[in-house]
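**Q** Below are the chains, spelled out letter by letter.
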Amino acid sequence: MTTLTHNPAASDPATSRPVPQPKKSLITRLHMGTGMVVGIVFCWGTYFVLRHHFSSPYRINHDEGLTDSHNVNITLLASMFMWCLGFLIGIGALIGPFRWLIGKDLTAEEQLYLAGDGQDWKRYFRYCTDHKVVGIQYLVGVMTLLGAGGTMAMMIRTNLVTPGSHFVAPHVYNSLVGLHGITMIIALIIVSTGPFGNFIMPIMIGAADMAFPRLNALSWWVLFTAIPVLCSAWFLGGIPTGWTAYAPLSTQAGPGMNAFLATIIIFALSTAVAGANITTTVVAMRAKGMTWNRVPIFVVGATISVALAVPAFPTFMAAMIQTGLDRTFATGFYDANVGGSGWLYANLFWIMGHPEVYVILIPGVAALMEIAPVFVRKPLFSYGAAIAGFAGIAGLSILVWAHHMYMSGWMPSLNGPFMVTTEFISIPTGLLFLVLIGTMWRGRPWMKLPMLSVYAFIWDFLIGGITGIYLSDVPADNYLHGSMYVTAHFHYTLMGAALTGAIGGLAFWFPKMTGRMLNERGGYISFWLVQIGFNVLFLGMFLSGAEGQPRRVADYAQIFAHANLISTAGAYSVGLGALILLWSIIHSARSGKIAPMNPWGSKTLEWTVPYPVPLVNFDEPPVVTSDPYGYGRSVK
Amino acid sequence: MEHHDDEDLKPTPGERVKQVLKDRDVRQVLFFFVLFTALFSILGLWAYPRWMPNIMSKEMRGDESIMIWFTVISAPIAGIVLAFAMESFIDIQKGDTPPEDGPAISGHTSTVVIWTALSFLFCTVAIVWGMTEMNTWSQDAIAKESSAMVVNVTGAQWNWSFNYPAQGITTHELNLPVNQPITFNVTSDDVNHSFWPVELGVKVDANRLAITVVHVTPDKIGPFEVKCAELCGIYHAYMETNGQVETRADFDHWVSTVKAQGGAQ
Amino acid sequence: MASPATSQSKTAIGAVISVVVGILVVAAVGTTLHAHSNLDAPSGYAKVNGTIVAPDGKTYPHAFINDNVFADAADSKIHGSSGGHAGWPSYGPYINLVLPAHTYVTMTMHVYDGGEKLNTPYFASVVGTVGGTINIDGKNVSSLPNDGVQHTFTLHGLPTSSQDPLFVNVPLPKTPEGQQDEPGSPLPKGYTVTFSFITGGKGNYVWNCEYPCGDSTYQSFGAVMGAPGYMNGKVTVI
Numbered sequence: 000m001t002t003l004t005h006n007p008a009a010s011d012p013a014t015s016r017p018v019p020q021p022k023k024s025l026i027t028r029l030h031m032g033t034g035m036v037v038g039i040v041f042c043w044g045t046y047f048v049l050r051h052h053f054s055s056p057y058r059i060n061h062d063e064g065l066t067d068s069h070n071v072n073i074t075l076l077a078s079m080f081m082w083c084l085g086f087l088i089g090i091g092a093l094i095g096p097f098r099w100l101i102g103k104d105l106t107a108e109e110q111l112y113l114a115g116d117g118q119d120w121k122r123y124f125r126y127c128t129d130h131k132v133v134g135i136q137y138l139v140g141v142m143t144l145l146g147a148g149g150t151m152a153m154m155i156r157t158n159l160v161t162p163g164s165h166f167v168a169p170h171v172y173n174s175l176v177g178l179h180g181i182t183m184i185i186a187l188i189i190v191s192t193g194p195f196g197n198f199i200m201p202i203m204i205g206a207a208d209m210a211f212p213r214l215n216a217l218s219w220w221v222l223f224t225a226i227p228v229l230c231s232a233w234f235l236g237g238i239p240t241g242w243t244a245y246a247p248l249s250t251q252a253g254p255g256m257n258a259f260l261a262t263i264i265i266f267a268l269s270t271a272v273a274g275a276n277i278t279t280t281v282v283a284m285r286a287k288g289m290t291w292n293r294v295p296i297f298v299v300g301a302t303i304s305v306a307l308a309v310p311a312f313p314t315f316m317a318a319m320i321q322t323g324l325d326r327t328f329a330t331g332f333y334d335a336n337v338g339g340s341g342w343l344y345a346n347l348f349w350i351m352g353h354p355e356v357y358v359i360l361i362p363g364v365a366a367l368m369e370i371a372p373v374f375v376r377k378p379l380f381s382y383g384a385a386i387a388g389f390a391g392i393a394g395l396s397i398l399v400w401a402h403h404m405y406m407s408g409w410m411p412s413l414n415g416p417f418m419v420t421t422e423f424i425s426i427p428t429g430l431l432f433l434v435l436i437g438t439m440w441r442g443r444p445w446m447k448l449p450m451l452s453v454y455a456f457i458w459d460f461l462i463g464g465i466t467g468i469y470l471s472d473v474p475a476d477n478y479l480h481g482s483m484y485v486t487a488h489f490h491y492t493l494m495g496a497a498l499t500g501a502i503g504g505l506a507f508w509f510p511k512m513t514g515r516m517l518n519e520r521g522g523y524i525s526f527w528l529v530q531i532g533f534n535v536l537f538l539g540m541f542l543s544g545a546e547g548q549p550r551r552v553a554d555y556a557q558i559f560a561h562a563n564l565i566s567t568a569g570a571y572s573v574g575l576g577a578l579i580l581l582w583s584i585i586h587s588a589r590s591g592k593i594a595p596m597n598p599w600g601s602k603t604l605e606w607t608v609p610y611p612v613p614l615v616n617f618d619e620p621p622v623v624t625s626d627p628y629g630y631g632r633s634v635k
Numbered sequence: 000m001e002h003h004d005d006e007d008l009k010p011t012p013g014e015r016v017k018q019v020l021k022d023r024d025v026r027q028v029l030f031f032f033v034l035f036t037a038l039f040s041i042l043g044l045w046a047y048p049r050w051m052p053n054i055m056s057k058e059m060r061g062d063e064s065i066m067i068w069f070t071v072i073s074a075p076i077a078g079i080v081l082a083f084a085m086e087s088f089i090d091i092q093k094g095d096t097p098p099e100d101g102p103a104i105s106g107h108t109s110t111v112v113i114w115t116a117l118s119f120l121f122c123t124v125a126i127v128w129g130m131t132e133m134n135t136w137s138q139d140a141i142a143k144e145s146s147a148m149v150v151n152v153t154g155a156q157w158n159w160s161f162n163y164p165a166q167g168i169t170t171h172e173l174n175l176p177v178n179q180p181i182t183f184n185v186t187s188d189d190v191n192h193s194f195w196p197v198e199l200g201v202k203v204d205a206n207r208l209a210i211t212v213v214h215v216t217p218d219k220i221g222p223f224e225v226k227c228a229e230l231c232g233i234y235h236a237y238m239e240t241n242g243q244v245e246t247r248a249d250f251d252h253w254v255s256t257v258k259a260q261g262g263a264q
Numbered sequence: 000m001a002s003p004a005t006s007q008s009k010t011a012i013g014a015v016i017s018v019v020v021g022i023l024v025v026a027a028v029g030t031t032l033h034a035h036s037n038l039d040a041p042s043g044y045a046k047v048n049g050t051i052v053a054p055d056g057k058t059y060p061h062a063f064i065n066d067n068v069f070a071d072a073a074d075s076k077i078h079g080s081s082g083g084h085a086g087w088p089s090y091g092p093y094i095n096l097v098l099p100a101h102t103y104v105t106m107t108m109h110v111y112d113g114g115e116k117l118n119t120p121y122f123a124s125v126v127g128t129v130g131g132t133i134n135i136d137g138k139n140v141s142s143l144p145n146d147g148v149q150h151t152f153t154l155h156g157l158p159t160s161s162q163d164p165l166f167v168n169v170p171l172p173k174t175p176e177g178q179q180d181e182p183g184s185p186l187p188k189g190y191t192v193t194f195s196f197i198t199g200g201k202g203n204y205v206w207n208c209e210y211p212c213g214d215s216t217y218q219s220f221g222a223v224m225g226a227p228g229y230m231n232g233k234v235t236v237i
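Residue numbers (numbering that gives the first Met the number 0), protein chains in the order written: chain G, 0 to 635; chain L, 0 to 264; chain X, 0 to 237.
Derived from the structure by calculation, the hints contain no laboratory data. Built from N, CA and C at the ideal position, the CB exists for glycine as well. Hints may be right or wrong, so weigh each one.
Taking CB as the label site, the calculated pair distances span [as the list claims (entries may be wrong)]:
| no. | chain 1 | residue 1 | chain 2 | residue 2 | range |
| --- | --- | --- | --- | --- | --- |
| 1 | X | 76 | G | 50 | 56 to 64 Å |
| 2 | X | 13 | L | 107 | 47 to 55 Å |
| 3 | L | 17 | G | 292 | 47 to 55 Å |
| 4 | X | 144 | L | 144 | 32 to 40 Å |
| 5 | L | 41 | G | 287 | 51 to 59 Å |
| 6 | L | 241 | X | 50 | 54 to 62 Å |
| 7 | L | 259 | X | 185 | 25 to 33 Å |
Derived list of chain L stretches under chain G, where covered just means 3 residues or more per stretch with a C-beta under 8 Å from a C-beta of chain G [claimed, not checked]:
| no. | segment |
| --- | --- |
| 8 | 46–55 |
| 9 | 65–71 |
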């Protein structure tokens with residue numbers, strides 16, 4: 000394996016050839032700042048117009064107008080959506096469609112400008128279509144969301160350290176639980192496909208960029224607009240629901256709920272766009288010779304994940320739109336008093352909600368499957384089984400949703416069939432384990448942080464998966480549903496599997512995304528603090544759940560005190576480990592050891608390009624002649 | 000006599016097993032397999048009975064039994080996966096360059112087939128167990144329906160109330176006579192709640208303008224707790240109340256006390 | 000060029016500083032949330048004055064406490080000069096109550112709001128008071144009509160081994176429609192409601208109103224009902 004010496008100056012596009020500069024025009028003046036200005040103007044403008052309207056002396060009951068909850072909801076929702084639209088206009092996202100309206104398009108010069116050709120760090124704050132820039136933007140966005148969600152988790156666990164809810168009041172606690180949940184869910188949906196699906200994946204398949212670069216930038220900036228909207232929930236009184244936002248509690252909820260609804264609708268838009276982009280890119284833009292059986296497993300996993308998301312998320316968006324209509328125009332979708340039903344919401348939600356957890360899981364596992372062959376120096380064990388595992392999970396996941404509704408009373412006669420489909424999903428899931436342990440068998444593993452993540456995943460996902468089997472059993476669910484046991488289970492799968500996979504992926508691809516090696520000592524210290532803390536935290540939670548503590552409770556009976564104390568101690572360890580990881584990432588990105596072109600000796604295409612990666616990735620489009628897992632000495 | 004060269008003879012099954020067991024990797028995997036399987040089995044048998052609350056009905060007995068035995072049955076699965084992972088982990092190599100390549104095993108069809116077949120078998124066991132248990136419960140409920148005592152449970156933000164139509168009383172605590180089949184008709188006057196009499200091992204959501212039903216026969220005298228298992232707003236955590244399973248005599252005495260106070264307690 | 004040892008220790012210092020900064024940020028967020036939790040909202044302390052023999056024959060210390068319910072939060076004087084949310088009713092001046100343990104507590108409430116119908120008729124019955132009754136302007140009643148209630152005082156708590164159960168439900172009679180404000184006062188005559196209950200041992204409980212006064216929300220249990228500090232609070236038995 001040859002390693003190219005890294006020399007930033009030599010491959011800097013700015014010094015290697017003259018870059019055509021478009022003349023100073025509107026496009027060159029737009030950036031995140033102008034976006035925020037226009038967004039805020041649109042938002043406040045809408046707010047004041049509607050406030051005035053609802054309190055107009057010409058309205059009947061104008062005194063009630065401002066206190067009537069429906070009017071408040073209309074005003075807030077409209078303002079939030081106008082913020083989003085205003086921001087997109089202000090950052091120049093809609094210049095292309097505007098040009099089409101007048102029969103034109105962007106010039107080649109403008110497109111190169113948008114791609115960030117020859118620009119400096121400022122391009123990260125613009126509407127930049129380069130997939131590598133979008134990947135870094137997603138990475139920062141994900142880290143921000145994880146940081147906010149993690150802070151809320153620390154608050155939650157601090158309140159539960161002893162009975163009595165002495166740290167925060169119950170309404171604050173409920174908001175913490177609901178907003179922690181949705182923040183983490185959003186973060187985890189994009190944690191692998193966002194940074195690595197954007198930065199690494201096109202290079203991995205030998206492409207120059209993604210199929211729709213402008214949509215790529217759009218998906219990031221649309222997501223960005225959702226972040227302040229979500230934060231605004233805190234300033235509007237919080238939310239009384241969990242992240243599942245069950246109706247009719249969600250229709251009864253105060254103004255903060257509007258922030259939740261708007262966030263989901265905006266986020267669903269971002270994900271739909273990103274999903275279409277990734278799928279098209281992988282289907283249409285693979286390098287010559289990269290037949291389907293030579294596609295790296297991470298690419299397959301990411302594609303299956305977003306392909307699953309595309310039909311799933313619209314139902315969440317629909318459920319939120321209906322909730323919004325109930326809250327603004329008293330439509331009554333979820334109001335039993337006028338013939339609606341909360342069960343309608345539950346079904347729509349979980350039809351999204353279950354596939355969604357596999358959308359979260361699959362890319363993390365796929366990243367680890369990309370890592371294991373490299374660090375064990377053996378081929379991926381049974382590429383076909385890996386595909387079958389991912390495809391089987393994705394396919395079955397749309398048939399299992401009502402296992403979240405066994406105890407709802409909606410349709411007890413369907414509990415049996417859903418139990419069957421849910422139990423069967425453990426078969427393709429088991430194949431994923433087989434692929435990983437088969438890859439490890441007879442290998443000499445290289446001790447590096449990405450490989451450590453593979454081991455952590457196996458332990459964490461094993462516990463998560465097996466406890467899922469208890470939950471899928473209807474009689475046992477009579478006891479377990481709505482208890483802390485469920486919370487422990489899904490943290491093992493979402494955090495222990497998907498987030499661990501993402502951290503492994505970050506450690507793996509860090510040299511290609513930043514040109515530097517991630518600080519090893521910081522990585523190991525954080526790894527152990529996080530993993531040990533995580534297990535203490537959630538094994539303690541299995542205990543309190545088995546003892547009978549309900550979930551989402553600010554306060555609890557004395558018998559749960561020990562388990563909660565243990566859990567909180569674990570949480571602080573996770574928090575400390577996360578801070579150390581954050582420091583490691585920032586410090587290493589700025590002043591870590593310069594990385595060789597292929598520090599891990601990996602055989603996938605992204606390791607054949609230098610850092611900084613050229614604008615179009617490859618000087619010449621690569622030709623692929625084999626799958627990327629050609630490790631190993633031949634067996635007699 | 001013909002001279003048979005040893006090397007021309009195929010190894011006997013016994014010799015083949017001995018050869019396989021001589022392999023260090025195989026021995027390590029077997030060791031960890033036994034270790035982890037034993038650990039998880041002991042966990043299931045010891046932990047869940049200690050952790051879970053008093054068993055006060057057949058349904059709760061079934062719930063706990065599933066937790067214990069599913070743990071024991073899945074212990075070998077955890078055992079084998081962790082064994083391979085642990086065996087790999089103890090061979091880990093530090094260094095700045097990758098270690099030498101392992102054997103180029105890119106698949107093994109029979110392993111995948113056997114693994115899938117075993118998963119399928121495990122699923123089937125779990126499904127059959129669950130279905131049988133569900134069927135027992137529903138047959139039981141049907142058989143006892145005519146002799147069941149009805150309790151109408153109403154969840155409201157943030158208190159439970161229990162109406163006993165035959166006795167004509169409504170209370171905030173749930174007293175029940177032992178060995179008496181109960182039919183709970185559960186509803187809500189506002190948002191979704193979930194009626195969870197913990198030690199009785201049953202649960203069902205409370206929905207507005209809908210009645211969801213759950214049946215149980217408490218078979219042990221003592222206190223139990225009723226909790227709400229669905230987030231319902233600011234005081235969801237405090238939407239809990241006491242329950243008591245008592246003798247028929249004590250129950251009747253309680254009913255008459257409540258009636259003497261006006262029928263609401 | 001710095002020696003490896005110095006740059007290593009520099010890295011370590013950088014790490015420690017970053018972690019400390021992170022902890023401070025989280026602590027700042029926590030402090031803000033704690034402050035917004037208003038855990039020290041105005042508390043009313045029951046004052047012991049003499050003893051009393053209860054119907055069970057035992058003698059208890061006798062404590063007294065007052066509180067009120069207003070149709071307009073501004074009259075409660077505990078939600079700031081603007082009265083908090085316009086149009087919201089509120090208890091006041093106390094949201095949290097502190098009661099002595101093993102005491103016969105007599106609570107007197109002046110109530111000024113109107114009302115319509117309860118969502119749950121059970122809460123129109125008096126539960127958990129001495130004698131099973133409340134005294135309204137001199138008259139003892141054990142329940143109110145379902146549509147004659149303005150608010151309720153419903154006291155409950157977790158069943159837990161660390162404290163005795165305590166449950167009291169007192170429906171408060173609605174002010175008759177059209178009752179005018181008293182001369183020189185922003186308030187109508189309303190009613191005076193007195194009731195007593197006996198506390199057990201030390202414990203933490205809550206109270207919330209079970210009358211749906213969250214107008215224009217689902218089942219009228221949103222808005223004021225779900226907000227802290229108007230229609231719900233803590234009861235601490237010490």
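**Q** Now tell me if each hint is right for this structure.
**A** Here's how the hints hold up against the structure:
Between residue 76(X) and residue 50(G) the CB atoms are about 28 Å apart, so this pair departs from the stated range of 56 to 64 Å. Taken as a hint, the range 47 to 55 Å holds for the pair residue 13(X) and residue 107(L), whose Cβ atoms sit roughly 48 Å apart. At about 39 Å, the beta-carbon gap between residue 17(L) and residue 292(G) misses the expected band of 47 to 55 Å. Taking 32 to 40 Å as the suggested C-beta distance range, the pair residue 144(X) and residue 144(L) conforms, at roughly 36 Å.
A C-beta distance of roughly 57 Å is found between residue 41(L) and residue 287(G), which places it inside the suggested range of 51 to 59 Å. Here the CB-CB span from residue 241(L) to residue 50(X) is close to 29 Å, at odds with the stated 54 to 62 Å. Between residue 259(L) and residue 185(X), the C-beta spacing of about 43 Å breaks the proposed range 25 to 33 Å. Coverage of the segment 46–55 of chain L by chain G holds [criterion: at least 3 residues with CB-CB distance below 8 Å; count 5].
Here's how the segment 65–71 of chain L fares: 4 of its residues keep a CB closer than 8 Å to some CB of chain G, so the rule of at least three is met and the hint holds.
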